[in-house]
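Participant: First to last, the protein sequences are chains D and G.
Throughout the first sequence, residue numbering follows the working numbering, covering 546 to 873 in sequence.
Throughout the second sequence, residue numbering follows the working numbering, covering 546 to 873 in sequence.
Treat the hints as calculated values from the structure; they're not laboratory data.
Be a bit skeptical, because a hint or two may be false.
Pairs of lysine-lysine, DSSO-like flavour, derived with a Cα cap of 30 Å [to be verified]:
#1 D:844 - D:589
#2 G:844 - D:664
#3 G:850 - D:867
Take a look at the letters that make up each chain.
Protein chains: 2
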Amino acid sequence: MKDHSDFYIPTYQDMLDAHERIKPHIHRTPVLTSEYLDNLTGAKLFFKCENFQKAGAFKVRGASNAVFGLSDDAAKNGVCTHSSGNHALSLSYAAGRRGIPCNVVMPRTAPQAKKDAVKGYGGIITECEPSTTSRETVFAGVQAETGGDFVHPYNDPRVVAGQGTCSKELMEQMKEDHGGDLDMVVAPIGGGGMISGTCLTLSNIAPDVQIIAAEPEQADDAYRSFKAGHIIADDAPVTVADGLKVPLKDLTWHFVSNHVSEIFTATEQEIIDAMKLTWQRMKIVMEPSCAVPLAVIIKNKDFFKGKRVGVIVTGGNVDLDKLPWMQG
Amino acid sequence: MKDHSDFYIPTYQDMLDAHERIKPHIHRTPVLTSEYLDNLTGAKLFFKCENFQKAGAFKVRGASNAVFGLSDDAAKNGVCTHSSGNHALSLSYAAGRRGIPCNVVMPRTAPQAKKDAVKGYGGIITECEPSTTSRETVFAGVQAETGGDFVHPYNDPRVVAGQGTCSKELMEQMKEDHGGDLDMVVAPIGGGGMISGTCLTLSNIAPDVQIIAAEPEQADDAYRSFKAGHIIADDAPVTVADGLKVPLKDLTWHFVSNHVSEIFTATEQEIIDAMKLTWQRMKIVMEPSCAVPLAVIIKNKDFFKGKRVGVIVTGGNVDLDKLPWMQG
């Protein structure tokens, strides 16, 4: 299956170009703070709220960069991808704005709210089983049939460069509104697109800021890869953090292995508790995936104590009829 | 029962003084927009997000103004009040910051999340039945026993002056970040504290801005009062918008009858639908009470079409275990 990694590592200039290219299509999302959560954790937390982003998640950054970077000729057959949800939404949104078709392969178990939103943006869905193997097989058929440009959800230099714009904004906003720099940034890790973009940007503009990844214990392939020194992939992990089930690939592994300081994991209950706490205290709707950073901060208080910590809240596309603390 | 209205009508200067007094104790909450909701309604909506306010609601403005305006002598017995929820929270928060006791009478049916939060801020709760009659009887006993200064949830010039600071900020933020003025402001109406503060401020700084009140059809005493030309009070209305069950009083009636342009009502289902839609699309947690403005805007599209409309999102203290679209 052809993708755009082929091992081109995006540069700092690629990220700057991406930001100029996507600015008309994204929000500069706010940075929120919570006195309650600061008191609870002993850290000073700055939440970069990509749940308020267009299409409801940071993924619109990378998707828009890929879509609007295509030549007219390359764009004529549209784009295609596979995604557990937010990348599908974001690519559909970006393709819709450019007026080109977007085909997406989604697991049949993806939240209904995400499927509805993809259709709302004009995306065409083909369903697969919720495993990496099934997803890749079904997708190969769709790609062959449509001839669309494959925008991988994370293993694509255009996508990584786009995701890197989030940390660029965060660091600018820290200086403008929050009195200076950060000691570390924590982001969830699934396939590693957001973390890789964070590494790309911070290793250039703020190399002293530590980059911490947060992962569900039940989908801890990045953690095990990090400890082993090579990629270990699970086929079908089960976690409430449905955006974080996919494995690292060559491009994201490059950034993770070179720039990430630490990976922490959290249990399902810790993730759900952190999610509910954020809704209660910060009054924001966010997905289980973006509660993983707060869960690991609460779990590892000594590590984060006294630090100024950026937290990437990656998305807010949750099924309001199936909230995890109301099941079972 | 003695309160502080005695018919002193707060002035514009009182509101300015209130803002200086309470600034250290409140957030300047953000103004959010939603392209989706603009397209849906045909209006341009600017949401003043008091769900992000300290103690989770705008009521902290009025409560802080009352608490921090007391002389040391007047403050020695603390403060007391009755409230269906957010005023109780806010007064407890403000009293806690000043280090004086706070006694609150709450209906036993108030959301558990609000009762817990009152206790978390150090407030002392006495429960009553969920009717105006019971609330006032129980409260008279508590006031006599404690000798605390009565801070009425809305029929108090200090409270109205405090709530007026919300529209002052909104109008400032419109000029700074959103390219100018508004045509109208819509706020929910229960006892009328927020609407009265809005009237106080806008009639001075922006007299051309129409002030619209939004009320649950099942607790439409303000609507009926407005049409009749005198206060009509219900004893125990039933609505999902639990912050809006209380009746107008002399001071708030003064502002409503002199400055409100229109009162619209919405059904329970319309309120719940608007609430869920806001959570889905804006990714913010807000109470049923603050969904009433959006519900009436969706219901009366012709009235709001093409207008620049400020919408006061009054609070976000909702019981996450009892969401209204998941009942029944």
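Participant: Give a verdict on every hint.
Facilitator: These are the hints, each one checked on the structure:
{"no.": "1", "hint": "D:844 - D:589", "in the structure": "holds, 15 Å"}
{"no.": "2", "hint": "G:844 - D:664", "in the structure": "holds, 26 Å"}
{"no.": "3", "hint": "G:850 - D:867", "in the structure": "violated, 34 Å"}
This entry does not satisfy hint 3, going by the numbered hints stated previously; all others are met.
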